[in-house]
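J.: Working from the sequences, and respecting the hints, build out all of it.
Which chain is which? The protein sequence lines are B and E, in order. Numbers given in our numbering equal positions in the first sequence, counted from 1, plus 271. Numbers given in our numbering equal positions in the second sequence, counted from 1, plus 1119.
If you are wondering where the hints come from, they were derived from the structure by calculation, not from laboratory data. Check each hint, because a few of them may be wrong.
A few chain B residues facing chain E, derived, Cβ under 7 Å [stated by the list, open to error]:
| hint | residue |
| --- | --- |
| 1 | 444 |
| 2 | 461 |
| 3 | 545 |
Computed from a predicted structure; not experimentally measured. Every residue, glycine too, gets a C-beta built ideally from N, C-alpha and C.
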Amino acid sequence: MSTIKISNLRKTYGPVAAVDGLSLDIPSATVFGLLGPNGAGKTTTFKCMLGLARPTSGEILYGGKPLVPETFEHIAYVPERNVLYDWMTVAEHIEMTRRAYSRFDEKRALELLSQFNIDTKRRARALSKGMRTAVMVALAFSRNAEILILDEPTSGLDPVNQRHVLSLIINEAAKGNSVIFSSHQIGQVERAAERIAVMDRGRIVLDGLVDDLKADRKIVEGIYPDVSFTLDGIAGDPRVLRADRTERIVRLLVSGGADDIAAALARTGAAGVRAVDLNLEDIFLYAVSPAVATADVVAKESSS
Amino acid sequence: MPAVLTVDPRSGVPIYLQIVEQVKRSVALGVLGAGEQLPTVKQLALDLTVNPNTVARAYRDLERDSVIETSPGRGSFVRAQAAGESPAVAAEIAADALDVAMREARAVGVSREALRELFDAALARWFSLEIEGA
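T.: What follows is the structure, given as structure tokens:
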């Protein structure tokens, strides 16, 4: 039930492809972080996964089966936008959710809301943005769902409550449930997610285990005594994903083989060669920024 | 287990490696003694606010390296041999730190001779009192 396989998903709105051929395997019992700049297509992907938007083409399978009405009982969703009804109290939202989902645990919802310091007698219109997020989170985590899809589940929350949401996510993973979430707070994804995918313009541009990506990706940097140097074809090495050259400094984004590339750089006369670790934010920013520099360096190489 | 572990998720060092290194270090320093029980995967994941599968991966590595042993249903414990080998583990930690220093020195172009002088000076600075005391 809880493995999710998305194949070649496309969703177009008129001439615009919000999701453009996305394929993704999400194993069960994992925390999966979906990263991407605004407009990358994360929310549209979530909506397609939940049946809230009809895919233009492609397939989404839960445990090998397409989404059917019974599946909804097992999937909880925290949407990015406020979906609470302004005129209803928090207690009334609890009641509505209880009626809609047979596995909803009302006691758990009340407990979570009290942890977030939410007064259930208040109407949604009187709640701040962060409090609304907290209400939606509390309702979703009381559903006893095997899959939780959370679109920006910490938006508007203070640091204490953000950490509380992360603990809830980790607790679900420890129970063997799956959490798929998006966040612009990369530090949170770095903590809670085991696996990530980076989306850009409707496509997956990078995915893998967070720890493996960190072990694999390095910046190899070298400083040359003067501006007249050649990289001797190093920028064309398949392990070099990107090369930036400014005056006397070369920075190479490498995937694997950082020591080899560093040694090769040193042989071309670079001093101060070092390999720098990257955190998830660096890895993300490199994944979504265009790598025009590589072509530029290669062109310089061949003309020199 | 005392709260000896902290991780920095924003570092470029994989979280599971940070956990492995810190447990090894704690065993080497005797902070974790032979037979001492480690928190469950779930508990440590919640304590550190990191993914449980990441903690599980660290525990698997620690088992592979014979630092801990896990018996199903009982938990994970520091192996007696691991605690007994603390001088070897301490030497390993020191060797790793030296490697980092050597690599950095070579990268900035310090010569072998200059490095030896620096090393002797550092040795005198950090260890002279102990030698006098011994």
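J.: All hints, please: hold or fail.
T.: For each hint, the structure was consulted:
no. : hint : verdict
1   : 444  : holds (5 Å)
2   : 461  : holds (4 Å)
3   : 545  : holds (5 Å)
In summary, this structure violates none of the numbered hints.
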